[in-house]
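Number of protein chains: 2
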Amino acid sequence: MAQRSLVLFGHGARDPRWAEPFRRLQQLTQAQMPEVSVSLAFLELMEPRLPELVKQLVQDGCSEVTIVPIFFGQGGHVLRDLPVMVDQLRQDYPDVAIRSVAAVGEDAEVLNAIARYCIGSLKA
Amino acid sequence: MAQRSLVLFGHGARDPRWAEPFRRLQQLTQAQMPEVSVSLAFLELMEPRLPELVKQLVQDGCSEVTIVPIFFGQGGHVLRDLPVMVDQLRQDYPDVAIRSVAAVGEDAEVLNAIARYCIGSLKA
Chain A
0 MAQRSLVLFG HGARDPRWAE PFRRLQQLTQ AQMPEVSVSL AFLELMEPRL PELVKQLVQD
60 GCSEVTIVPI FFGQGGHVLR DLPVMVDQLR QDYPDVAIRS VAAVGEDAEV LNAIARYCIG
120 SLKA
Chain B
0 MAQRSLVLFG HGARDPRWAE PFRRLQQLTQ AQMPEVSVSL AFLELMEPRL PELVKQLVQD
60 GCSEVTIVPI FFGQGGHVLR DLPVMVDQLR QDYPDVAIRS VAAVGEDAEV LNAIARYCIG
120 SLKA
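Sequences listed follow chains A and B, in order. Residue numbering for the first sequence follows numbering that gives the first Met the number 0, beginning at 0 and increasing consecutively. Residue numbering for the second sequence follows numbering that gives the first Met the number 0, beginning at 0 and increasing consecutively.
Extracted from the complex, chain A is given alone in its bound form (with noise of 0.2 Å):
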């Protein structure tokens, strides 16, 4: 187990193909970084939620974690849901470092890839 984390957290939700994306997304994190552990945390209606994953981390001696939301837009759940969260692990886990940054929809170059995507679709 890597001593620095990197969780990949995304919303949840009932259809198990929903997480696809996801999974690619983590493996091809992962191969860039295998010196990190890269895992996937879920707010809702898909485990592991995040408390639970960062439990873990910190019992398999994580002491760094970075969490990315793998949101578009930064509403509810990332502006008030995720801090809430991260200082409760913060207290529960007063030796690990753990940070959360700007959802991945705030990021120009996701935003142009995504729009490269619609043009492409657009001319398909």
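Since the hints were made in silico from the structure, they are not lab data. Errors might be hidden in some of the hints.
Same chains, same label: a pair holds when it works inside one copy or across any pair of copies.
Stated by the list, open to error - Here are the simulated SDA-like pairs of lysine to any residue, each with C-alpha atoms no more than 20 Å apart in a straight line:
hint, residue 1, residue 2
1, Lys122, Leu27
2, Lys54, Arg23
3, Lys54, Val83
4, Lys54, Gly119
5, Lys122, Ala18
6, Lys122, Gly75
7, Lys122, Pro47
8, Lys122, Ser62
9, Lys122, Arg13
10, Lys122, Arg98
11, Lys54, Gln87
Fair warning: this is a prediction, and the values are worked out from it, not measured in the lab.
Chain B: place on chain A using the hints.
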């Protein structure tokens, strides 16, 4: 009004800030395709809903509508709700070519861009 329309179809959320990247995506896409009308539509919680928007596009003379689901995963919303809406729209507007494509999370380049953002977040 362009004869061709691209509709960026998102989930919608209570927090208006959630829609910000969708608006940036719309502007980014529109700027690269001035000859096509690029619009946003939402499944729930935000306006316009997809049926309302398509009604307006058709009234404005649009003859071809391509709907791109701005969703990572293809779960119930993309695999069940959207096809039902598209079928209904095709019945309502039989002279308009209406189609939807795979969700943006199915695109390898979109996932690559998200992976780069995740990796960059860790190193920052």
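Pop the pair Lys122 and Leu27 into one bin, within, between, both or neither, using alpha-carbon distances up to 20 Å. between (28 Å within a copy, 16 Å between copies)
When no copy is specified for Lys122 and Arg98, does a C-alpha distance of 20 Å or less occur within a copy, between copies, both, or neither? This pair counts as between: shortest inter-copy Cα distance 12 Å, intra-copy 41 Å.
Reference check for the pair Lys54 and Gly119, CA-CA at most 20 Å: within, between, both, or neither? The answer is neither: 42 Å in one copy and 24 Å across copies each exceed 20 Å.
When no copy is named, should Lys54 and Arg23 be tagged within, between, both, or neither for a Cα gap of at most 20 Å? So Lys54 and Arg23 fail the 20 Å test inside a copy (24 Å) and across (37 Å) alike.
With identical chains treated as interchangeable, where does the CA-CA distance between Lys122 and Pro47 reach 20 Å or less: within a copy, between copies, both, or neither? neither (39 Å within a copy, 25 Å between copies)
At most 20 Å between CA atoms: does that hold for Lys122 and Ala18 within a copy, between copies, both, or neither? neither (28 Å within a copy, 25 Å between copies)
When Cα atoms must be at most 20 Å apart, do Lys122 and Arg13 count as within-copy, between-copy, both, or neither? Answer is neither; intra-copy 32 Å and inter-copy 33 Å both fail.
Measure nothing new, just compare the shortest in-copy and cross-copy C-alpha distances for Lys54 and Gln87 to 20 Å and report within, between, both or neither. within (12 Å within a copy, 47 Å between copies)
Tell me, please, which holds for Lys122 and Gly75 at an alpha-carbon limit of 20 Å: within, between, both or neither? For Lys122 and Gly75, the Cα distance exceeds 20 Å both inside one copy (35 Å) and across copies (26 Å).
Classify it for me, Lys122 with Ser62: is the Cα-Cα distance of at most 20 Å met within a copy, between copies, both or neither? between (48 Å within a copy, 15 Å between copies)
Taking 20 Å as the upper bound on the Cα-Cα distance, should Lys54 and Val83 be classified as within, between, both, or neither? Cα proximity of Lys54 and Val83: one copy only (16 Å, versus 41 Å across).
This entry does not satisfy hints 2, 4, 5, 6, 7, 9, going by the numbered hints stated previously.
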